[in-house]
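Chains as they are written, first to last, in the working numbering: chain A, 1 to 390; chain B, 391 to 560.
Everything labelled a hint here was simulated from the structure, so no lab data went into it. Glycine residues also receive a C-beta, built at the ideal position from the N, C-alpha and C atoms. Worth double-checking, as some hints may not be accurate.
[Stated by the list, open to error] No more than 30 Å apart at the CA atoms, straight line, and that leaves these computed lysine-lysine pairs for DSSO-like:
no., chain 1, residue 1, chain 2, residue 2
1, B, K401, A, K276
2, A, K319, B, K487
3, B, K463, A, K382
4, B, K510, A, K382
5, B, K401, A, K388
6, B, K434, A, K388
7, B, K487, A, K382
8, B, K465, B, K432
9, B, K401, A, K281
10, A, K172, A, K89
11, A, K388, B, K505
[Said to hold, decoys possible] Heads up, incomplete: computed chain B residues facing chain A, CB under 8 Å, no partners named:
no., residue
12, P421
13, G424
14, G449
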Amino acid sequence: MKVTNLDYISANPLLPEVQNAMIEAIKENYGNPSSSHCLGDQSTEVLEQARKRVAVLINSALPEEVVFTSSGTESINHAIKGVALANEKKGKHIVTSNIEHNAVLKSLRRLMKMGLGYHVASVPVDEHGLIDPSDVAKAITEETILVTIMHGNNEIGTIQPIKEITRITKEKGVLFHCDGVASVGVVPIDVQDLGIDMLSFSANQFNGPSGVGGLYIRRGVGLWPLHDGGAQENGKRAGTENLIGIIGMGVAADIAFREMESRLVHVRRLKERLIKGLNEKIEDIIINGHPELSLPNLVSVSVRYIEGESIVLMLDEEKIEVSTRSACASGALRASHVLLSIGREYADSQGTLVISFGKETKEDEIDRFLDVLSDAVDTLRKMSPLYKKG
Amino acid sequence: MYTEVVMNHFKNPRNVGEMKDADGIGEVGNPVCGDMMNIYIKVKGDRIDDISFQTFGCGAAIAVSSMLTEMAKGKTLEEAKKITNKSVAEALEGLPKNKLHCSNLGADALQLAIKDYEDKMSGRGRGPQRPEDKHEHTHGESCKCPYCDGNVDDGLEFCSHCGREISEDH
Chain A
1 MKVTNLDYIS ANPLLPEVQN AMIEAIKENY GNPSSSHCLG DQSTEVLEQA RKRVAVLINS
61 ALPEEVVFTS SGTESINHAI KGVALANEKK GKHIVTSNIE HNAVLKSLRR LMKMGLGYHV
121 ASVPVDEHGL IDPSDVAKAI TEETILVTIM HGNNEIGTIQ PIKEITRITK EKGVLFHCDG
181 VASVGVVPID VQDLGIDMLS FSANQFNGPS GVGGLYIRRG VGLWPLHDGG AQENGKRAGT
241 ENLIGIIGMG VAADIAFREM ESRLVHVRRL KERLIKGLNE KIEDIIINGH PELSLPNLVS
301 VSVRYIEGES IVLMLDEEKI EVSTRSACAS GALRASHVLL SIGREYADSQ GTLVISFGKE
361 TKEDEIDRFL DVLSDAVDTL RKMSPLYKKG
Chain B
391 MYTEVVMNHF KNPRNVGEMK DADGIGEVGN PVCGDMMNIY IKVKGDRIDD ISFQTFGCGA
451 AIAVSSMLTE MAKGKTLEEA KKITNKSVAE ALEGLPKNKL HCSNLGADAL QLAIKDYEDK
511 MSGRGRGPQR PEDKHEHTHG ESCKCPYCDG NVDDGLEFCS HCGREISEDH
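Can you make the complete structure from the sequences, with help from the hints?
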């Protein structure tokens, strides 16, 4: 049976063009971009070509503003800790939101635990997961050095009003970092138009390889590096570059940029079909996230009365792969903080699936998923002490 | 992730459903922490004549419930009291390390069901079927470490019992 991948948010399949570019790069046996001989020059050339391609994808004014990292997580850690440590004389207050990814939450928690006096304010979201920019304005104090808020949420898809938020941070003279991991390469992101100072993103969200990420740092923004060592990445990230991965990321970025519009049309159609099918086929469900301001490649659904990991297992038996936010599946103690923040009950949070897809996904895969899910839900509800309809 | 025996019980669970005329009921867990298990027993003489379960939980929790009912069915109450989380996990040919809590839940539910029956028989009326009311769970209540089943207080990043990293968040 063919595997139906509806878990794109975990990792996208590598595009054939990306695979070929990476295989060719391996065969090419590139040197170290830092070397001053011809092998080094050749690899510098391909490295800078990849940088330009990524810069085009996010419309950064200068390719040098793009720093290659090992992941979206590293980028986020770098932005938050780097700004905090570089600005400690200015202030030690950071503003964030209640629905950020763990990379943001735990970076902030680490800063607070270092005993250096960093503290954090977290703004709430409404029932759709949307932040009110005026809450961000209210949370900013004289001491605030950074506001970090995500673009598209990886669990419920909601897209934040980034432009309105950066209008506030600019006015108040505070730096703005955006976790764009779930969005970059999926929806158009223009760092100049959005007024973003730092943007974190990852190649595996747009059909590129895992293990490569990027951090956009607007020219003039000063932050400490996370790694100390050589002068790679214009002195912003020490360590010999993952050239093969970066080449893959460059090709994936180039194709994502060129195919953006056609991919959007495709995934929007799939999302509409999926939500319609869920509502028609399954009773007692809640579609999470904002109905319009949302990632087009992701649907979050809380299936009431049953638990997510058991649904994932049943789907997996039919070779359909989705993701769940249940505590059991993630090794966390409780349900997802994102779902609790938008007002989901504990039990409903435990029964939440994230279905995500991309350019390779076919309509009949969505239809098969709906049929198999419908059966799985019936079976599991018959077992559930919470389901009283018998 | 799971053994074949676990997957077999998950896919074809034995003895599923609510028992309307149960002689003893044991209810454990809560949706805050992700799983709930109800065990119903029907007792004839000193033996568990019939047993069934209802579970809200992961694959391991469902497999544990199913295996447990198979192991307890037909046993005397004294024999059934000897069923432990360990013997259920062994019968399932092992559970992932972070699913210890699920197997404990099953053994606890069975023991509570037996106690419920015994309390009724001894005229003490229906005793507490479960340690607390399942509908009232505040954020302050502690959940169990998925690895060692110890109580974990809010806000800890490491289990204070086994030292493993655990997360409140996803």
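Quiz item: Under the criterion that the straight-line Cα-Cα distance not exceed 30 Å, is the pair K319 of chain A, K487 of chain B satisfied?
Solution: holds (25 Å)
Quiz item: Are the Cα positions of K401 of chain B and K281 of chain A separated by 30 Å at most?
Solution: holds (22 Å)
Exercise. Hold the hint about P421 of chain B up to the distance rule: shortest CB distance to chain A must be less than 8 Å.
Key: Holds: closest Cβ of chain A sits about 3 Å from P421 of chain B, inside 8 Å.
Quiz item: Given the hint that K465 of chain B pairs with K432 of chain B, does the C-alpha gap stay at or below 30 Å?
Solution: holds (12 Å)
Quiz item: Do the alpha carbons of K434 of chain B and K388 of chain A lie within 30 Å of each other, as the hint requires?
Solution: holds (28 Å)
Quiz item: Given the proposed pairing of K463 of chain B with K382 of chain A, does the C-alpha separation stay at or below 30 Å?
Solution: Judged against 30 Å, a Cα distance of about 21 Å means the pair holds.
Practice problem: Would you mind confirming whether the straight-line C-alpha gap from K172 of chain A to K89 of chain A stays at or under 30 Å? | Solution: Given pair K172 of chain A, K89 of chain A holds - Cα atoms ~17 Å apart, limit 30 Å.
Quiz item: Does G449 of chain B meet its interface restraint, that is, does its C-beta lie within less than 8 Å of any C-beta in chain A?
Solution: holds (4 Å)
Practice problem: Compare the distance between the alpha carbons of K401 of chain B and K276 of chain A with 30 Å, and conclude whether the hinted pair is satisfied. | Solution: holds (28 Å)
Self-check item: Satisfaction of hint between K505 of chain B and K388 of chain A, Cα-Cα up to 30 Å
Solution: holds (25 Å)
Quiz prompt | Interface hint outcome for G424 of chain B [beta carbon to chain A under 8 Å] | solution = With a minimum Cβ separation of about 4 Å from chain A (threshold 8 Å), the hint on G424 of chain B holds.
Exercise. Quickly compare the C-alpha distance for K510 of chain B and K382 of chain A to 30 Å and report which way the hint goes.
Key: holds (28 Å)
Taken one by one, the earlier hints all hold for this structure without exception.
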